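J.: The residues making up each chain are set out below.
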Amino acid sequence: MSAITLTVNSRSHTLDVDLTTPLLYVLSDDLELRGPKFGCGLAQCGACTVIAGGRAIRSCVTPVGTMDAADIITLEGLGTAEKPHPIQRAFIDEQATQCGFCLSGVILTAKALLDENPKATDKQMRQAMSTVLCRCFAHVRMLRAIKRYAREAGV
Amino acid sequence: MRKRPAAADPPTLTTDALAALNRSGLSRRDFVKGAGVLIVGFSVARASRILASGPAAAQNLGVSGDQLDSWIAIGDDGRVTAYTGKCELGQGLYTAQTQLIAEELAVPFDHVTLIQCDTALTPDQGTTSGSQSHPANFNTSNLAQAGATAREALLRLAAERLQVPVEQLTVEDGVISVRTDPSRSVGYGALVGGKKFSLQLDSGAKRKHPSEWRVLGKAVPRSEIPALVAGRFEFVHNVRVPGMLHGRVVRPPVVGATLVSVDERSVGDLPGLVKVVVKNDFVGVVAEKPWQAIQAARKLACKWSSGVGLPSHGDFHEQLRHQSPTRDTLVVDSKDVDETLARAASVVSATYRYPYQMHGSVGSSCAVADVQGRKATIWSATQAVHPLRQTAAMILGVSPQEVRIIFKMGSGCYGFNGADTVSYDAALLSQAVGRAVRVQLTRRDEMAWENYGYAYVIDQRVGVDTQRRILAWDHEAWYPTLGSRPRSGTPGNVVTGFLAGFKPAVFTPRMPAPDPRGAYSNRSNAAPSYVAGCVGGRCGGTGTVKSERVLTHNARSPFFTGPLRSPSRLQNTFAHESVMDEVAAQVGADPVAFRLDHLSDARLIEVLKAVAQKANWDTRPSPRQGIARSGVATGRGIACVLYEGDNGYCALATQVEVDQDTGAVAVKRLVAGLDCGPISNPDGLRNQIEGGTLQGMSRALLEEVTWDEEKVTSVDWQTYASLPLGFEVPEMETILINRAEVEAMGAGETTITLAAAAIGNAIFDATGARIREVPFTRERVKEALASRAAQSSGG
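As they're listed, the protein sequences go chains A and B. If you're matching positions, the first sequence starts at 2 in the numbering used here and goes up one per residue. If you're matching positions, the second sequence starts at 123 in the numbering used here and goes up one per residue.
Isolated chain A (complex conformation) (with noise of 0.2 Å):
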């Protein structure tokens, strides 16, 4: 066990632990968030997305000992349900989900890239979104939320 300090969602937390945990744990777990989720452990699905250093990044592979510097922005941390950051009030407006469970890797893969490329072409967001898994199949929407949010923030 280490002393580690990570930066999550604009707060600092000191944490006692193993640093070759996955930082999935420690955010779901140590700090409680609900945001990430563990959905598959081998970054195949998408839904432990984190965001870090401007990166969408999948935490369940992450071991937190590689994190002490990084900027770390959860679900959570962009918006909440009475004050929705613009891509989760796009997601709102468009009911562009189902169970829900997936929404971190979605929302954040996306998020990311129009971040960084605001002019992202379809194929670059498809090339994104390429290992995201959404198995209600809520793609239709999804991909109209984010559409929506690309061109209402003007981004």
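Because the hints were derived from the structure by calculation, they are not lab data. All values reported here derive from a predicted model rather than from experimental measurement. Even glycine gets a Cβ: it sits at the ideal position worked out from N, Cα and C. Honestly, I wouldn't trust all of these hints.
For the chain A half of the interface with chain B, some residues (derived, Cβ under 8 Å), not all of them [to be verified]: (1) 26; (2) 33; (3) 41; (4) 42; (5) 46; (6) 76; (7) 93; (8) 101; (9) 102; (10) 128; (11) 130; (12) 137; (13) 139; (14) 142.
Chain A is already provided as a structure; the job is to place chain B on it using the hints.
T.: Chain B in isolation, oriented as in the chain A frame:
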């Protein structure tokens, strides 16, 4: 004193009634002494009797004290709490049921709180499954009728208070007023104020007509979505109990292996390890932290026997055909099929194959259990809280009365996924350590051991005359099952129960099948839409073909199986709607026109026509003329069905592109139509249709469980493919046919039932190649294209 309708002043409350009141924001003191409440019990008399008499009297009534029926409660602030045994699974049912209560009670949507699926609080409405939940609570019983009962009672109270006949009153937003003088009014809260009313559910209470709807029928946004998109929603995966530990299970390495020994010293030096738990062949570990539990489970040295061996994957369907014994069922048998086929001008014979498929929830299954002595609380994403209570009690060796199951939404399940088995896992581990334990399965444990959707092999023979009329239809199917939902008594129906020493339910062999009896039932869509469905002289089918035989053989599966969205209905419909297309092609008929020629049901005809029209259906026989033998070919396909024979009329048109050089299929456009009666929430309905259709597309194109000689090899998203967000999503249109005058039907499993057939038919239209086995992988498409070439070159 004014006379009150059905008033009661219960002196005591059962424990669970008290808990329910507390959850509603009312204390026992409030209830007995202070604030009023109006309660409607769901089943006649029981709730009010229990409320009035307490647990002792309840025992005398033959009802145990904690089998309290649910109710609708209206507090003296006018707020409504309703209790339902049908749960939100991501399909929008929480919102639709809230709309229903708000509508029948004439209160604003946000004045209603719904308590769902908790064995201590909600009625036993069985399982949330089979597209039956919306019909169950929206038709003639349960929630809808409880709401109507309460509204009528409140109107009678208001009539006394305002001294006018009920007929002169109107109600809106929880306020009852005199039609001709709206200044004379009284709110629900004031009517209830300080008093207690316990009503029996009135089956004669009048439901609102859809023309009067103000909340139902509207695209009310789903209640959970803001919390879901903000990462605040509490899934079962997020349940945290004080002092909670983390468990992990160790499943056998191969199918049928039994535990020989466990070497606990292999994990003796691991930090945080609390206990290694063994019960028969069930093995698990409990640790302080999840990562510690994961490492312990990986390192634990277990010695297992060899497995039982598995039938070869390559010719599994052929082996299925020869299994014995089987349980055989005749859905219909007109007894003249063989003779009719013998005199037909031509007969189309074809065999269709469908693989085992997975629920494959994005989140692997999770549960939290807290077993203290003989009492247990389990937070579970099960679709069936009351049945799970019974079987979890068996697993734990305690009384069901001591077990409470609290539903918490999990990752979308699409049927019977790992939610129940992981609930047993958590219960066993918690019992062993006497503390709360959370268990989430690994991806491999989820996929290698879940209750798969059924594989099928289906033979079809369809005979036609010279006038393009189908004369006879013969359907024979084989499908393997093992286990399934544990219901109330078979925990061995899932892997954990089996490993812990319980046996799965086995079917009783029945060969040959007895003659069909009673009324025609097409629950599994084993009979095609085009037969008359005549049993005992009465015909209940949607079609015209009178010479009909539908025979099914249930065989034993080497893997656990269970309901997967549109169980059997999808597999059967794939075969029916594909062969219908083959017959249409054989006689040179347009696929839509040929279907219409053999349908008798007006609603199915209407939805089929509506979809064809919206899809700009190009009326001509398939395949299209002048197909090039290479490059990209385009085609259109159609399929339709009355889901479960009585639970949703649907049709689906597809447009596909087939790359004949690679075998890749791209679906470009989907037009789905549904008539499921009166529509409660059109946007929720569209969401279900869109998701179901695309899920059906993923299953048609990619999904298949594979195995080797001893174990399942589809254990992650590399070895079991699913269409990701990044695929080219087709243009998707939905047509909703709204009918006010009929009963509500299901929606969630309708259009998924059609996807494989409609896509396969479009591939045929584009290329002239027929694919009779799901999934339509590139290899299979190329094979079908090659056999097309061989056929044509052979003359």
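J.: Hints broken by the structure, by number, lowest first?
T.: Those not satisfied: there are none.
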